[in-house]
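Hey, can you piece these two chains together into the complex? The hints should help.
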Amino acid sequence: MRFFFLLLALLCMTGCSPDAPPVDAPPPAAEEEAAVPQDLYLYMDGSRYLAIDQDGNIVLETTDGQMAILRTAGIASGIAVQRSEGVKTDGYGWTTPEKTWCDIYSVTGAYEYSVPLNYVNLLDNFLSGYDMEAETSKLYRRSDGELIMDGIHACYAVGDYIYVNQNDWSAPGMFLDSRGEIAARVPEDCTTAGSVLDQYLIVVRDGLTGLMRPDGTMALPCIYQELRTGQLGCVCVRDENGWHAVDVETGAVRFSSPTFIQYLLPEAAIVAVDQEKNAYRLVALDGTPLMEQTFSWPSVYDVENDGQAELFSASINDYTGTVVFKPDGTVVYETADDCYVTVLSGETALISRYFSDENRNLWTWLDLQQGTETPLPSVYENTYYNPLYSEAGIEQGLLSRGGTNELGWYRTDILDADGNVLLEGLQDMIYRGNGIFQCRRGFTSGLLKPDGTWLYEESCFSSLNDN
Amino acid sequence: MKKLLTIFLSLCLLTGCVYIPAERTDIQKPEAAENTETIETQPFLTLEDYPKMDGSTANLPLMAAVLSAATGMERADAENTVDCTTTPYAWECLARGEADILLVYEAAEDTKALLDEIGTEMEITPIGLDALVFIVNEQNPVQSMTQEELRAVYTGQITNWKELGGEDLDITAFQRVATSGSQSLFMKLLMKDTAPMEAPKEFAPSGMGELIEGLAAYNNEGSALGYSVFYYASYMYAKPGLRFLAVDGVAPSDETIADRTYPLLNPFYVAIRADEPEGSPARQLRDWLLTEEGTQVIAEAGYIPYPQ
Numbered sequence: 016m017r018f019f020f021l022l023l024a025l026l027c028m029t030g031c032s033p034d035a036p037p038v039d040a041p042p043p044a045a046e047e048e049a050a051v052p053q054d055l056y057l058y059m060d061g062s063r064y065l066a067i068d069q070d071g072n073i074v075l076e077t078t079d080g081q082m083a084i085l086r087t088a089g090i091a092s093g094i095a096v097q098r099s100e101g102v103k104t105d106g107y108g109w110t111t112p113e114k115t116w117c118d119i120y121s122v123t124g125a126y127e128y129s130v131p132l133n134y135v136n137l138l139d140n141f142l143s144g145y146d147m148e149a150e151t152s153k154l155y156r157r158s159d160g161e162l163i164m165d166g167i168h169a170c171y172a173v174g175d176y177i178y179v180n181q182n183d184w185s186a187p188g189m190f191l192d193s194r195g196e197i198a199a200r201v202p203e204d205c206t207t208a209g210s211v212l213d214q215y216l217i218v219v220r221d222g223l224t225g226l227m228r229p230d231g232t233m234a235l236p237c238i239y240q241e242l243r244t245g246q247l248g249c250v251c252v253r254d255e256n257g258w259h260a261v262d263v264e265t266g267a268v269r270f271s272s273p274t275f276i277q278y279l280l281p282e283a284a285i286v287a288v289d290q291e292k293n294a295y296r297l298v299a300l301d302g303t304p305l306m307e308q309t310f311s312w313p314s315v316y317d318v319e320n321d322g323q324a325e326l327f328s329a330s331i332n333d334y335t336g337t338v339v340f341k342p343d344g345t346v347v348y349e350t351a352d353d354c355y356v357t358v359l360s361g362e363t364a365l366i367s368r369y370f371s372d373e374n375r376n377l378w379t380w381l382d383l384q385q386g387t388e389t390p391l392p393s394v395y396e397n398t399y400y401n402p403l404y405s406e407a408g409i410e411q412g413l414l415s416r417g418g419t420n421e422l423g424w425y426r427t428d429i430l431d432a433d434g435n436v437l438l439e440g441l442q443d444m445i446y447r448g449n450g451i452f453q454c455r456r457g458f459t460s461g462l463l464k465p466d467g468t469w470l471y472e473e474s475c476f477s478s479l480n481d482n
Numbered sequence: 011m012k013k014l015l016t017i018f019l020s021l022c023l024l025t026g027c028v029y030i031p032a033e034r035t036d037i038q039k040p041e042a043a044e045n046t047e048t049i050e051t052q053p054f055l056t057l058e059d060y061p062k063m064d065g066s067t068a069n070l071p072l073m074a075a076v077l078s079a080a081t082g083m084e085r086a087d088a089e090n091t092v093d094c095t096t097t098p099y100a101w102e103c104l105a106r107g108e109a110d111i112l113l114v115y116e117a118a119e120d121t122k123a124l125l126d127e128i129g130t131e132m133e134i135t136p137i138g139l140d141a142l143v144f145i146v147n148e149q150n151p152v153q154s155m156t157q158e159e160l161r162a163v164y165t166g167q168i169t170n171w172k173e174l175g176g177e178d179l180d181i182t183a184f185q186r187v188a189t190s191g192s193q194s195l196f197m198k199l200l201m202k203d204t205a206p207m208e209a210p211k212e213f214a215p216s217g218m219g220e221l222i223e224g225l226a227a228y229n230n231e232g233s234a235l236g237y238s239v240f241y242y243a244s245y246m247y248a249k250p251g252l253r254f255l256a257v258d259g260v261a262p263s264d265e266t267i268a269d270r271t272y273p274l275l276n277p278f279y280v281a282i283r284a285d286e287p288e289g290s291p292a293r294q295l296r297d298w299l300l301t302e303e304g305t306q307v308i309a310e311a312g313y314i315p316y317p318q
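Heads up: the protein sequence lines correspond to chains P and G, in order. The working numbering puts the first residue of the first sequence at 16, with every later residue one more than the last. The working numbering puts the first residue of the second sequence at 11, with every later residue one more than the last.
Simulated from the structure, these hints should not be mistaken for laboratory data.
Only part of the chain P face toward chain G is listed, based on derived beta-carbon distances under 10 Å:
(1) 78
(2) 421
(3) 478
(4) 479
The model shown is predicted, which means the values in this text are computed figures rather than measured ones. C-beta atoms are modelled at their ideal positions from N, C-alpha and C, and glycine is treated no differently.
Pulled out of the complex, with its shape left as it was, chain G reads as follows (with noise of 0.2 Å):
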């Protein structure tokens, strides 16, 4: 029987009858922790009240969230009426009182360099952990680098494929904007104090005949190495063909986040300006999402909560 049963796997494998999940494509979201007590939240707020959120793309869908659960719109409603204008400039709109709250990626040095001349006091508080992971085709047969071979990419140390045990293909190490969320972590957790070497640049058109010339953007070709957020590469960007690596034997993974064994680690927050009156929707609305329903409503939407 045993042996039957080995010969029936290892048929089922031949034939591809059990399916193994693709990297990526197939992740879903977790399901709510077992034995965890639903807390239903009461909408506190009216839509007339609600106050200009603002923050990063890969915070859309906790926006909407939020917004749902803080005034009782339908969840296709909310997505419909969120929106945001991405990390750098919702910094300089909650300093400059054109926002009112954000959710929201940590702030490049750039930007953080503007803040401090604009001069505005926030508070700034923590509430979910997403991780900065790094991005190759499907195809490419690395499977995981350490840091420091990471840096030695971006600094131009290697630059073969084949030097990681990979094909003998010129690595394409892209690289994101000084002031993108991506960017901001990619330095903060990464390089750190190490310059990276100047990233692969492109010429577009701008639509007056001129070419302007810009970051070249990741293209997930077989040389290809690029950078993302987790959440947003896994559950929010669409397009299929593409593999995380992991980082020091570690895969990215809502588990590994979590438990803190991924190594390229930082929370996202909300944001309130300091001068923002007690009681204020925005106010409130930051409080809420530090209690144990805000928190639940982090989790509910795929994100993983900070420890408060």
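Excised from the complex, chain P in its bound form (with noise of 0.2 Å):
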């Protein structure tokens, strides 16, 4: 008895249970791991999607519907996931879904509620989208999903106003506070042509453009013959005289050009030469040329991040050429090649050369410093550069490399800015944004973070349809 009872203390406190942890060694010391912004991520292994967050965690995850991630100035605000039910034949042979719908959930993966719509695009504090039975496009109010109109056309945002029509796409409509509320009204003798400087809506009346604020209140009156958006609180419109660079809240002319005002700069601007021959010229505000040649329409970059151009780059005679080049027409670069620039900070940029004869590119890292090429490796069986998207463009300080191992499979690397080799021999790579990348590594599937390590990960081998 006594040896019975032993027996089972020294079972009990070795744990043996299935339902008891193993014993394990002591964890190791963890490592600093690369902190990741506060974000949802998406990862999508066929016609499943989750919703991962900056922790690794599933907020939400589904089999049954589409999910796209919500968001608001770059930032996760919820989620949507397309469902749809029944299936019918349209009038061209088509088999389209009787119903959709888009379920709504939070950050934290909470279903909050539904609306019965195609797709959901968020603008600010609103979701609009097409609902497929009524055939009509509608808006609801994001935080608790009310209808706040049907058969819209134009939505945008006009500062942190929405406007909206309901007839045409240039008919005159109204502008809506953040719950709905009509704030102002275009007049209906009016047309309207989108927004500019993210706060004016463009209004036309009798054949004449001017800039409305969604007060109601006109910043530039219904003058000019033609208003194009510009930079630095400025708009360029044509009148009579040619084109002007005008200062919307005051109204003062900055800078003044017989013909069309490109881009401008504090000190400078890019103005056309022959715009049906795509010729532009770099001039002073005075109209002193700045640079030599004329060029192309120029790629702008704004490498600081401070809402300026830095750096542009161009074709040059008659796209043989290429330059880039600062505001106060520096030249950093000239080519004799028509190549393709992609700047990526304000010390390094992209070329890339097409040889048509020889079927083959040469992909170049140039310092913008020092104005110097260095090719880059070809690491690959036709290896390609390019740089990272995310949902604000460019994604500076990382760029892509890809092609075909020595088994000839796709793979892709991630490069930083200085051409240092983050993250190699990666399969099926999608930029989720933030530096996180959805990917497979070996048999290993997941988000993967720009140290190697991995944000969330699977086997690749998820489904019993594998062959």
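Next up, the structure:
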């Protein structure tokens, strides 16, 4: 009997039960892992969708719908899952759902409400989308799912308001505040043509264009023959005297040109030389040319994220050359090849050349300070380099490199803006933003951090339908 | 003392203090047989010379093991280097010269017809043995079915689990696409000349607003019956909650596959084009796989080697 109880005690102490945790060695001291920005990251595996948070937790999972992360100012503010039921065949023979809707969830995965839309666009405090059954576009309030307006056409942000109209894309509509209440209406004798500088609505009356504020007051009267968006709080307008960069709030003319003003800078402007031939020139505000060359419509790079352009790249000499220059006309780089330039930071740019007679690409690294180029290695068959794009545009500081490996399988590497390899040999890579990559590595799939650790991981063999 | 022991053992069972492994999820790959001399493989191919290998998903771990052994590459790197287009596409790639060597499961009849059409002569040699296994939710009380009962389900003659001693639930008998490796084994080993009933279908969005009808995927609900191959479903597929059915009273396992008591068996193969030159990397690799060394690598990767 004594032996029995001793044995029982021994077994209990060793945790001999399926529910008892195994006896493990103490965990190693946790290494410092890369911090992940607060956000939700989408992981897709066929028809299976996961929303993963910054700690790698599954916030929401679905296999019967298509998931999208809703973002406000680039930050996750909810989750939408489009679902459908029933099947019908339309007059063209297409098989479509009888009914579709979107279920809306919070960032923690809590169900909030449903809207009868085929897809949803999040615009500030509103959700807009198309109701396939009703064959109409609708606007809902994001906070509670209440229908604000039916039959909308145009719908976009103007400052802190939403502008909508109901009959036609250019028909006069109204400004809605964050609650969906009407703040102001566009007069019936006007048409509309989008927003500029994120805070003004373009209105047209009697063929002449002006700008309206969301409170209904006119920022610029309808006196201009043409109006385009500008920079530095200015819009570019055309009257009988030519083009002018007008400060919207003060009405002051900062610069005038007989030809189209393509870009306004604090001390210079890019103006058209011959718009039909896509030829432009950089001039000082007194009209003095700052560069000898004319160039094509330039790419603009705000490398310091301060709302101002620090660099431009463009084709020159009738698309036989390329130039990179600063707002003061300083040429940082010039080549007699027609290249594709992607500025990655204030210090580096990626240059791509294609030689059609040889059917090959040449990739080089441009040091913007020195103006020198260094060929990039071809580590794969048919290596290519590409910038990465997030919702905000080019992801500065990151670069992808891809091609086929020794066994003929496609792989992707991730490099930083100095050309250092951060991640190597990724399969099926999709960039999810904030330096997070959905990919497969070996037999593991998931979301990978730039330091090579998994934010979320699972076996890549997750379907019995794999062969 | 005997009485005490009996009480003790009963107590253990009642408290769960004897771990009875759950079906499938606790399957461990078999240890190397005792008294077997381990042969150390010296790398004999460089990565640059390595032939373009393709095949079935279920052979991916083997492809990595072979690459590692043949070139000396670290296993983790090998797992990151290999890939496959899956069974039907792999066969076509070999026939068209887009792959040089396959580690692959049986081609479906449709695929065989395509290969005949392409007309490339191949050398196809069995190197491993696998099994067609039938899968149910682990809560399903039905433990075993005969081949006749399975055919009766897949021809619609048996429609409810209660007819097989299970719960009163209509059977959802999932199938696979015609070109998949599993489907080819299903037809070859079980159905033979009998056509199965129409499989459950479902609509999925195509990404352009249209719905595309396709075979419904196995969903592991209580009513579900599906199939796969043993190695993949046991060692690769990551999700819990499944259980294999015994067929004709024999449960699939490494042992019952190796001793051929499990009834639904089929080899998987190494394949090269017949016009592969003598001494080419593909032919070297194929020949090596048929040696004792190659067989050992297949066994060490957890597969059941085909007796050569």
